[in-house]
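Listed here are the chains, written in short residue letters.
Number of protein chains: 2
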Amino acid sequence: MQASKRLARQQETKNRICEAAFHLYHHQGIEGVSMRTIGNLLGVSQMMSYRYFKSKNDLLIEMRARVIKHFADYLGHLASGKAKNEIKLYRILFGYLHYSEVASEDYRFAFLMNRQMMSRLNRDFATLFSSGQKNALDIHGNLIAQILNKPTSSKQVQFLTRYIWCSLHGLATSNLDSMLLGKPGYDDIKTSYIKQLLSGIIDADTLAKLRKPKDYPEMKPLVSPSENFAEPQ
Amino acid sequence: MQASKRLARQQETKNRICEAAFHLYHHQGIEGVSMRTIGNLLGVSQMMSYRYFKSKNDLLIEMRARVIKHFADYLGHLASGKAKNEIKLYRILFGYLHYSEVASEDYRFAFLMNRQMMSRLNRDFATLFSSGQKNALDIHGNLIAQILNKPTSSKQVQFLTRYIWCSLHGLATSNLDSMLLGKPGYDDIKTSYIKQLLSGIIDADTLAKLRKPKDYPEMKPLVSPSENFAEPQ
Chain A
1196 MQASKRLARQ QETKNRICEA AFHLYHHQGI EGVSMRTIGN LLGVSQMMSY
1246 RYFKSKNDLL IEMRARVIKH FADYLGHLAS GKAKNEIKLY RILFGYLHYS
1296 EVASEDYRFA FLMNRQMMSR LNRDFATLFS SGQKNALDIH GNLIAQILNK
1346 PTSSKQVQFL TRYIWCSLHG LATSNLDSML LGKPGYDDIK TSYIKQLLSG
1396 IIDADTLAKL RKPKDYPEMK PLVSPSENFA EPQ
Chain B
1196 MQASKRLARQ QETKNRICEA AFHLYHHQGI EGVSMRTIGN LLGVSQMMSY
1246 RYFKSKNDLL IEMRARVIKH FADYLGHLAS GKAKNEIKLY RILFGYLHYS
1296 EVASEDYRFA FLMNRQMMSR LNRDFATLFS SGQKNALDIH GNLIAQILNK
1346 PTSSKQVQFL TRYIWCSLHG LATSNLDSML LGKPGYDDIK TSYIKQLLSG
1396 IIDADTLAKL RKPKDYPEMK PLVSPSENFA EPQ
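Sequences listed follow chains A and B, in order. Position one of the first sequence corresponds to residue 1196 (my numbering), numbered consecutively onward. Position one of the second sequence corresponds to residue 1196 (my numbering), numbered consecutively onward.
Take the hints with a grain of salt, since some may be wrong.
Identical copies carry no separate label here, and so any pair may be met within one copy or between two of them.
Stated by the list, open to error - Okay, derived cross-link-like pairs now, DSS-like style, lysine-lysine, Cα gap no bigger than 27 Å in a straight line: (1) Lys1404 <-> Lys1378; (2) Lys1407 <-> Lys1200; (3) Lys1415 <-> Lys1345; (4) Lys1345 <-> Lys1329; (5) Lys1415 <-> Lys1277; (6) Lys1350 <-> Lys1329; (7) Lys1404 <-> Lys1279.
Everything labelled a hint here was simulated from the structure, so no lab data went into it.
Kindly generate the complete structure, drawing on both the sequences and the hints.
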């Protein structure tokens, strides 16, 4: 077999392992994911997964990397095309919140780790997490730089990018938590919130004219049931 | 025994159960907390805790209520005294971040619940959580209302209060996560972040003159080891 074919087949197997792992995670949470249960779903021995991932922890790291990439790609998609930068930025902030709701388990999985989960993660993950997050941050940063007509490396652009990012994260998590507790979400303030965030970047006249996106591109969460597998017992 | 004395003794026992539970949680996380391990620490049967709490879940709800009250009291303390409202508001935003770092486990325990933990919580908790959170929110809300010279019920005051609250939560969690991953925290942007948050409330001249608090009142986290108990095995 050619090397390139072998590589493609390995990648394919890795994808199937991850698909099974997301399927299990969706149904049973982190405790449901194991090399054994994945082997059961794929109809192979648990050793197969170990050929690709040293441990469950390594598999979880790969899963998180995929979620973060998926998220960054989604935001990147929203920032593509020909619209004005102000419109694009506005749209990706709404897109961020949209993603956090439609793919709420993905969002929680990637960004809401508890101390125990995080302390199990290693430095490889910290690097990988930072670089994935950096891609998503850069999408905001590049737009902000262009709107302010400053280099992306400028202190102001860097600050505003982190400011927006952290604040949106706070809104997204408060919104999700509120809904989980059976209370109303934050729909009533989303638009004002985003406009307030942007008030340091986009002038008031332009801001007043911006319209909330009517729809968002379709997207399938990674943490979701797969039709290729039965529901785990 | 008089009714009032009996009540005081019951309260005292409840406090000791919670102290033991926080001690266990500090050392071993949520899995370490059980009616049995609490009974072991207190040298009594596990049935004693069941006389006060129907289940571990009820105990966890009580613990969260205590943390949220502790947090709100801390902010309330920072907002007391004779300083100008602008200075008080500035101080409690820094105090919020300070609390999230010094009592980081308390903060995570009360505000960073994962889906599994939250779905176990009942409606009683949702109400209790909202009312505890409302106390803390009101401290911000009252100051903002006074600064803007509007009623606390005004839409603008309500919005800005939630805006500040969510955004600070986003900064606090990003900061804690970053440090857990062995990366630098967000010290470099805290002051700018808080000033940016306040830019819709306090005029630029006043804002420029505000100085970061030099120190904060001492505070002992509730999630902490107690000298009354040995370290659990």
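Now for the hints, and whether the structure bears them out:
no. : hint                : result
1   : Lys1404 <-> Lys1378 : neither (31 Å within a copy, 40 Å between copies)
2   : Lys1407 <-> Lys1200 : neither (46 Å within a copy, 61 Å between copies)
3   : Lys1415 <-> Lys1345 : neither (36 Å within a copy, 45 Å between copies)
4   : Lys1345 <-> Lys1329 : within (19 Å within a copy, 41 Å between copies)
5   : Lys1415 <-> Lys1277 : within (25 Å within a copy, 54 Å between copies)
6   : Lys1350 <-> Lys1329 : within (16 Å within a copy, 36 Å between copies)
7   : Lys1404 <-> Lys1279 : within (13 Å within a copy, 37 Å between copies)
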